[in-house]
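Novice: Generate the whole structure from the sequences, applying the supplied hints.
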Amino acid sequence: MAKQSGLLRRLGNVALNEVSERFGSTSPTPSSGDTRFTPPTPAASKDEESLEGWGFADTRFVVKPDGSTVLTGTRYNISNVALPDLMQWFAGKLASPLGYDNRNEPHYPPEIPAAKKNDKLVAALREFLKEEQLTDDPKQRLRRGHGHTGGEIWAIRYGKLDRVPDLVVFPRGHDEVVRLVEVATQHGACVIPFGGGTNVTEALRIPLSEERLVIAVDMRQMNRILWVDPVNRMACIEAGATGRHLMEELAKFGFTMGHEPDSLEFSTLGGWIATNASGMKKNRYGNIEDLVLDMQVVTPQGIVERPRQAPRESVGVNPRQYMFGSEGNFGIVTTAVVKLFPLPEVQRYGSVIFPDLETGLSFLYALQQSGAVPASVRVMDNTQFHFGQALKPAKHGLAAKVKSEVEKAVVTKLKGFDPYKLAVATLVFEGSREEVAFQEKTVYRIASEHGGMKGGGANGERGYQLTFGIAYIRDLTFEHWAIAESFETSVPWSRAMDLYERVQRRVEKEHAALGLPGKVFFTGRFTQVYQTGVAIYFYLGFYARGVSDPVGAYAALEHAAREEILAAGGSLSHHHGVGKIRRDFLPEVYSEAALALNRKVKAAIDPDNVFGASNCGINGPVALTPDEEAH
1 MAKQSGLLRR LGNVALNEVS ERFGSTSPTP SSGDTRFTPP TPAASKDEES LEGWGFADTR
61 FVVKPDGSTV LTGTRYNISN VALPDLMQWF AGKLASPLGY DNRNEPHYPP EIPAAKKNDK
121 LVAALREFLK EEQLTDDPKQ RLRRGHGHTG GEIWAIRYGK LDRVPDLVVF PRGHDEVVRL
181 VEVATQHGAC VIPFGGGTNV TEALRIPLSE ERLVIAVDMR QMNRILWVDP VNRMACIEAG
241 ATGRHLMEEL AKFGFTMGHE PDSLEFSTLG GWIATNASGM KKNRYGNIED LVLDMQVVTP
301 QGIVERPRQA PRESVGVNPR QYMFGSEGNF GIVTTAVVKL FPLPEVQRYG SVIFPDLETG
361 LSFLYALQQS GAVPASVRVM DNTQFHFGQA LKPAKHGLAA KVKSEVEKAV VTKLKGFDPY
421 KLAVATLVFE GSREEVAFQE KTVYRIASEH GGMKGGGANG ERGYQLTFGI AYIRDLTFEH
481 WAIAESFETS VPWSRAMDLY ERVQRRVEKE HAALGLPGKV FFTGRFTQVY QTGVAIYFYL
541 GFYARGVSDP VGAYAALEHA AREEILAAGG SLSHHHGVGK IRRDFLPEVY SEAALALNRK
601 VKAAIDPDNV FGASNCGING PVALTPDEEA H
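Going by the working numbering, the first residue of the sequence shown is number 1, and it counts up by one from there.
No lab work stands behind these hints: they were computed from the structure.
Please note: incorrect hints may appear among the correct ones.
Unchecked claim - Pairs of lysine-lysine residues, derived as BS3-like cross-links and limited to a Cα-Cα distance of at most 30 Å, are as follows: (1) K421 - K392; (2) K139 - K160; (3) K602 - K339; (4) K252 - K46.
Specialist: And the structure:
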């Protein structure tokens with residue numbers, strides 16, 4: 001133990017000395033008891049995000065006259081590269097005429113409802129907020145009134161939203177949030193927190209029954225890392241920090257938080273807590289509830305906070321637990337103390353090809369039992385595999401074409417895999433050289449035992465590119481008369497394959513029953529693994545030209561899929577949350593007493609319903625908008 005303690009002291013001093021040298025400050029030593037330092041505030045980001053779709057304003061997929069697809073901008077390694085097969089592949093899967101000449105032209109912005117006014121409330125806010133921290137600009141209000149479900153993006157491009165926030169406020173610190181909630185309470189306003197606006201549960205949709213002035217509290221100017229403790233590996237971070245900001249800033253000090261959801265670039269720390277989120281690398285770093293040690297939350301009853309953090313405690317009922325998955329119902333998370341991890345010494349991608357999806361699932365199960373699970377491992381079905389292949393650029397030169405043909409021959413002829421049944425595991429290894437070497441050896445041994453063959457690191461990396469590109473691709477399909485969205489679940493191992501197959505059959509049946517054109521688009525992957533089961537992530541869509549209500553038809557399809565998920569033993573959600581689109585299923589997953597307890601907690605914390613997001617059925621029955629009734 002003495003050697004270990006000495007090592008920890010040396011590591012701590014090294015970290016602190018590096019900080020001192022970098023910033024010219026006198027940092028405390030571990031023996032002083034306080035090993036935190038305050039990093040400098042970085043320059044404000046100049047990245048502009050799109051108001052009418054996913055992602056950055058300079059980045060979108062476009063179809064060229066020759067039928068190829070190009071991702072604009074320079075942010076990704078497939079940007080400005082012609083993808084000759086993508087739209088042709090989609091057209092084949094949907095059995096529909098997607099293409100350059102068949103365009104569904106958006107008409108953004110839609111008609112935006114006029115803002116409700118309350119001059120006394122605005123005057124009270126201006127007592128402590130600057131002019132630029134408040135706006136009732138229509139487009140800014142519209143953006144804070146929706147998330148990123150397919151139905152919401154379809155609405156702002158081809159329809160309208162009947163209710164949006166009346167005022168957007170941009171606090172810059174905890175104390176401003178406290179005063180803001182006090183003013184809203186005094187003036188009878190409704191408050192809805194806004195992080196990255198990436199949710200796919202309609203959590204930001206405002207019921208038409210809400211007659212009060214609605215304030216959207218955009219937290220993204222509260223994005224500072226308030227302190228870093230390199231010895232105890234913790235940091236206190238404001239809740240409006242986006243994932244990309246966290247990664248960039250923590251990396252400067254040799255650390256990572258390790259939480260990487262698909263929405264990493266745009267979602268926020270506060271949003272992760274409010275939705276009880278999970279990330280692609282949870283195998284190594286944990287889910288959000290494993291990473292957050294403490295938090296500061298502003299509620300109508302006061303501030304939920306604690307003076308210090310401990311590695312683990314038994315302190316009765318901890319109020320912070322109610323904030324995980326709270327979905328904006330109880331208050332606003334302003335800061336959180338999170339665990340940190342050293343940046344991995346090694347990061348490598350890999351992939352394994354299996355003859356079919358069921359074999360890939362068996363591999364995952366065996367890998368989980370081995371104790372050598374890499375940071376991320378996902379098994380994609382055949383459709384998703386071909387989806388990734390459709391993202392490949394055109395092959396130029398004889399050598400590239402020969403290499404491609406040889407690879408196909410090895411898989412289909414030498415191994416005997418059916419190209420329309422095979423499945424692919426994509427892998428991310430992170431850690432020390434020794435850890436990664438051990439994991440790679442174990443993973444590929446188990447894969448071989450299950451009839452798998454190595455697919456190479458490039459294919460593994462392409463699988464993760466698809467993760468960050470999928471929402472851009474979804475927006476592209478809207479512009480060519482298709483509508484699509486994702487949903488997810490978790491399920492015990494023994495029920496996983498049955499659930500996947502049942503959901504596929506159910507959506508095919510419902511697609512036919514609704515009389516929708518073409519074929520239904522359905523694909524899935526087995527993602528985060530646990531000792532007791534696995535998460536499954538689905539994509540669902542269809543060709544919508546000639547359909548009178550595409551959003552309603554999609555909602556019916558997804559609702560049927562969720563019914564089948566629950567009937568097959570799956571969870572209501574693994575990490576997306578409940579919002580409004582899944583709240584009618586809550587009586588199937590909670591007893592009435594459990595639901596009543598949540599409503600009573602809400603009534604105790606927020607008796608005036610200042611935080612009126614009305615997510616998770618927390619307020620009991622509420623009047624629904626026409627769109628919600630369609631769901």
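Novice: State for each hint whether it applies.
Specialist: Evaluated hints:
Among the hinted pairs, K421 with K392 is consistent with the structure: their alpha-carbon atoms are about 20 Å apart, no more than 30 Å. Our distance criterion of 30 Å between C-alpha atoms is met by K139 and K160, whose separation comes to about 12 Å. Proximity of K602 to K339 is assessed by CA-CA distance (about 29 Å); at most 30 Å being required, the pair is judged to hold. Distance check on the hinted pair: K252 and K46 sit about 19 Å apart at the alpha-carbon level, within 30 Å; holds.
The structure agrees with every numbered hint stated previously.
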